Amino acid sequence: MLFRAGSVELSSKAPRMTGWTTHTGRAAALRLSNVDTDQLIPARFMSTPRAEGYGRFLLHDTDAHLPEGTTILVAGPNFGSGSSREAAVYALVDFGIRAVIAPSFGDIFAANAVNNGLLPAAIADAPALWDDLPAEIEIDLAAGTLRGPGPGGERRFALDPAQRDKLIHGWDDIDLTAQHGPAIAAFRNDRHANHPWAVPARDQRSGHPTGEDE
Amino acid sequence: MTTLLDRLWASHEILRRDDGASLLWVDRHLVHEGSHHAFAKLAQRGLPVAEPGLTFGVADHYAPTRGTPKDAAVARMIDTLAENTAKYGIACFGLDDPRQGIVHVVGPEQGLTLPGLTVNCGDSHTSTHGAFGALAFGIGATEVAHVLATQTIWQVKPKAMRITVEGQLGPGIGAKDLALAWIARLGTGGATGHAVEYAGSTVRGLSMEARMTLCNLSIEGGARFGMVAPDETTFAYVAGRPYAPRDMDRAVADWRALRSDADTRFDREVTLDAAEIAPTVTWGTSPEDALPITETVPVPETEHARAALDYMGLTPGTPLSAIEIDRVFIGSCTNARIEDLRAAAAVLAGRKARVPGLVSPGSRLVKQQAEEEGLDRIFTEAGLDWVGAGCSMCVAMNGDRVPAGERCASTTNRNFRGRQGQGARTHLMSPAMVAAAAVTGKLTDLRPLLEGRDAA
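Chains as they are written, first to last, in this note's numbering: chain A, 753 to 966; chain B, 32 to 487.
Think of the hints as simulated: they come from the structure by calculation, not from any bench.
None of the values given here were measured: they were computed from a predicted structure.
We treat Cβ as the ideally placed atom computed from N, Cα and C, and that holds for glycine.
Among the clues, some could well be false.
[Stated by the list, open to error] Here are the simulated DMTMM-like pairs of lysine to aspartate or glutamate, each with C-alpha atoms no more than 25 Å apart in a straight line:
{"id": "1", "chain 1": "B", "residue 1": "Lys188", "chain 2": "A", "residue 2": "Asp917"}
{"id": "2", "chain 1": "B", "residue 1": "Lys101", "chain 2": "B", "residue 2": "Asp416"}
{"id": "3", "chain 1": "B", "residue 1": "Lys188", "chain 2": "B", "residue 2": "Asp357"}
{"id": "4", "chain 1": "B", "residue 1": "Lys383", "chain 2": "B", "residue 2": "Asp341"}
{"id": "5", "chain 1": "B", "residue 1": "Lys188", "chain 2": "A", "residue 2": "Asp924"}
{"id": "6", "chain 1": "B", "residue 1": "Lys190", "chain 2": "A", "residue 2": "Asp917"}
{"id": "7", "chain 1": "B", "residue 1": "Lys101", "chain 2": "B", "residue 2": "Asp128"}
{"id": "8", "chain 1": "B", "residue 1": "Lys101", "chain 2": "A", "residue 2": "Asp942"}
{"id": "9", "chain 1": "B", "residue 1": "Lys188", "chain 2": "A", "residue 2": "Asp942"}
{"id": "10", "chain 1": "B", "residue 1": "Lys188", "chain 2": "A", "residue 2": "Asp912"}
[Said to hold, decoys possible] If you want the footprint, here are the derived chain A segments under chain B, 3+ residues with CB under 8 Å:
{"id": "11", "stretch": "770-782"}
{"id": "12", "stretch": "785-792"}
{"id": "13", "stretch": "837-848"}
{"id": "14", "stretch": "870-882"}
{"id": "15", "stretch": "886-897"}
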């Protein structure tokens, strides 16, 4: 049994994430806490092919009105909690959002965001920015800072180092992982040899294929 | 000084980068109709599925519960899953399969979910499978594509948190009440960044179904992972299931090591007294907005609470047990297993529902078993609709939805705005509590209704 992922040809036509280090854009306050992914995009829109664009679904059933051209959202705690739907990130990204600043994020949302080049920047007192929000915010990913015009000064944001690296380099996980093909194949063969119970037994009734039978 | 999380992590870690991200081996990958974005990414790059034998498809999110899909978009989602799984040689429990159901019901039921495995699925309630002592977590579409292409996933190890519950739960009170109680206490983001291990005598005493309910709701408290160390209850549940190991002795010998050492320190410890857990219901638009049924609608202290009460159409000070409902729903990956249906039927037997409602079993096999036990007749004689298996009215993708402005007592996992349909108002509670609400037409303490009956 050969592990196939290590030997695949990666198509050159495939889009890759582009990395970024700085962004300056228009900020808008989203004065809500616990903005779950059902709010970001209601489920009924999720059968739409991505190519049609998801920006028009963003916060569809809410009272929120984001000014045209907004690229940075400043929101309340626990942003992106709930469902794992990556469509919530597609809606933000397709609308033009590059960064969300909030005290905390749902774990799955944060991972999905980074996989689409969207920065989840954690600042404990983000709602304190709502009332005196600078029209533009400058983000420096490498330095981990935000800056608005005027005397507001610089603010540091928290971001997992692995996520920061990914955003900066625009890494695509499948590309990264492909280089570990031999280690993965060795691990797989060892696991199945030493823990045979980890391989699904053949279902007698359906004869569904299993890892053993490949 | 090793936690269950440490053991599960170490046994799947292929390598770790300097920045802390681990590359984990994935033992089981479950896909559903919503995985279409991931399959599209794979096709776009011309990549094969690395391990079709470790990948299983289930039609659930869009599965019709009555007849065939009514809507072309819904039908297309189900067809796309069938096409994608067929194309890559992935076994699929589709609409033509007698074992079809909700992915988090079917996996355990078929013996695909086992102690000591990593289980991924593009669904946040994948934490359910942690009830077996598995490292199970929900992932997004990009991650699903990555698992399809490589059978691995990059993940930074979460912090370890333990929720210990000791003592005896009262009659009719169960895992749903326990889960809502801890989420109400810690908040919906309370366990973010953590893997939760549930421990203590109360948890040891729970059935596998109840442990699944508890682990399922971990994500509603922010934890991407929930888990219970496997024990005799786990092994007995797994034995003899279609995809379970043939050599159970060898498997169980390995599985017995899957626990946290007695002297282990967790990053965070929380303890709950089972005797203090009451039948619990939600009043707002987040699972943390939960209170014992004996309480009143709270006076809002935050903007979130004010907005929630406005959306829910509730007035502070109203007894929760005075809130009238329009319909009920019994179903979802949280509470649609056989024990859940038995608990609801125990309350409904010989009684009539005052409101309409749906009962959607978690899988076709659960449906069959419930019918063998006569539970379907209890529901239909009460006036509720007994329908097919799927995510149904929990996520309102298949056409089953709560009409705008209506109030639903629901066994599901999210009372988010519009979750069960645009403008729908959801109150989360246990199956037995939903049954009690059906009987009286309002949110109701089930305990008086259980007098002289077994809670099941």
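Evaluated hints:
Distance restraint check for Lys188 (chain B) and Asp917 (chain A): the Cα-Cα separation of roughly 17 Å lies within the 25 Å cut-off, and the hinted pair is therefore satisfied. Restraint check: the Cα-Cα separation between Lys101 (chain B) and Asp416 (chain B) comes to about 18 Å, which is no more than 25 Å; the hinted pair holds. Between Lys188 (chain B) and Asp357 (chain B) the CA atoms are separated by roughly 44 Å; this puts the pair beyond 25 Å, and the hint is violated. Among the hinted pairs, Lys383 (chain B) with Asp341 (chain B) is inconsistent with the structure: their alpha-carbon atoms are about 31 Å apart, more than 25 Å.
At roughly 20 Å between alpha-carbon atoms, Lys188 (chain B) and Asp924 (chain A) fall within 25 Å of each other, so this suggested pair holds. Restraint check: the Cα-Cα separation between Lys190 (chain B) and Asp917 (chain A) comes to about 21 Å, which is no more than 25 Å; the hinted pair holds. Taking the CA atoms of Lys101 (chain B) and Asp128 (chain B), the gap is about 19 Å. The hint holds against a cut of 25 Å. For a cut-off of 25 Å, the pair hint linking Lys101 (chain B) to Asp942 (chain A) is broken: about 48 Å separates their Cα positions.
As the CA atoms of Lys188 (chain B) and Asp942 (chain A) are separated by approximately 22 Å, the hinted pair is consistent with the 25 Å bound. For the hint linking Lys188 (chain B) to Asp912 (chain A), the alpha-carbon distance of about 11 Å falls within 25 Å, and the restraint holds. By the rule of at least three residues with a Cβ nearer than 8 Å to a Cβ of chain B, the coverage given for the stretch 770-782 of chain A is violated, with 0 such residues. For the stretch 785-792 of chain A, the stated coverage by chain B holds: 5 residues have a C-beta nearer than 8 Å to a C-beta of that chain, and at least 3 were required.
Coverage of a stretch by a chain is defined here by at least three residues with a beta carbon nearer than 8 Å to that chain's beta carbons; for the stretch 837-848 of chain A and chain B the count is 4, and the condition holds. Note: the stretch 870-882 of chain A has 0 residues with beta-carbon separation from chain B under 8 Å; the three-residue rule is not met and the coverage is violated. Three residues within the 8 Å Cβ limit are the bar, and the stretch 886-897 of chain A against chain B gives 0, so the coverage statement is violated.
Checked against the numbered hints above, the structure breaks hints 3, 4, 8, 11, 14 and 15 and satisfies the rest.
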